Amino acid sequence: MDKVISSQTWLDLSTNSASAVIVRYELEREVLEREVLEREVLEREVAVREVAVREVAVRKFRLLFDRQWV
Numbered sequence: 001m002d003k004v005i006s007s008q009t010w011l012d013l014s015t016n017s018a019s020a021v022i023v024r025y026e027l028e029r030e031v032l033e034r035e036v037l038e039r040e041v042l043e044r045e046v047a048v049r050e051v052a053v054r055e056v057a058v059r060k061f062r063l064l065f066d067r068q069w070v
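Oh and the sequence shown: position 24 is 24 in the numbering used here, straight run, nothing missing.
Just so you know, the hints here were simulated from the structure itself, not pulled from any lab data. Every value quoted in this text rests on a predicted model; they were computed, and no experiment measured them. Even for Gly, the Cβ is constructed at its ideal location relative to N, Cα and C. You can take every hint at face value.
Restraint-style ranges between C-beta atoms, simulated for each label pair:
| no. | residue 1 | residue 2 | range |
| --- | --- | --- | --- |
| 1 | Q8 | L32 | 35 to 41 Å |
| 2 | D12 | V48 | 53 to 59 Å |
| 3 | E40 | Q68 | 40 to 46 Å |
| 4 | S19 | V56 | 54 to 60 Å |
| 5 | W10 | L32 | 28 to 34 Å |
| 6 | K60 | R24 | 49 to 55 Å |
| 7 | V46 | S6 | 58 to 64 Å |
| 8 | A18 | R39 | 27 to 33 Å |
| 9 | E33 | R62 | 41 to 47 Å |
Work out the full structure, taking the sequences as your base and the hints as a guide.
Put into structure tokens, the structure is as follows:
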């Protein structure tokens, strides 16, 4: 015997499915936003380290250059 599913049941199921898709989309969007922010923070940290390395290199070069002319 076939079971008959009412139109209200179909509507409820489709509404629940749509809600689940929306919730999943929102969660995925939040995860992606967090990953973007984490990447931006890492890129800034790398930039700060690159500047620090350049500053050390310049100081070492100046020390070597100054010693040659003393």
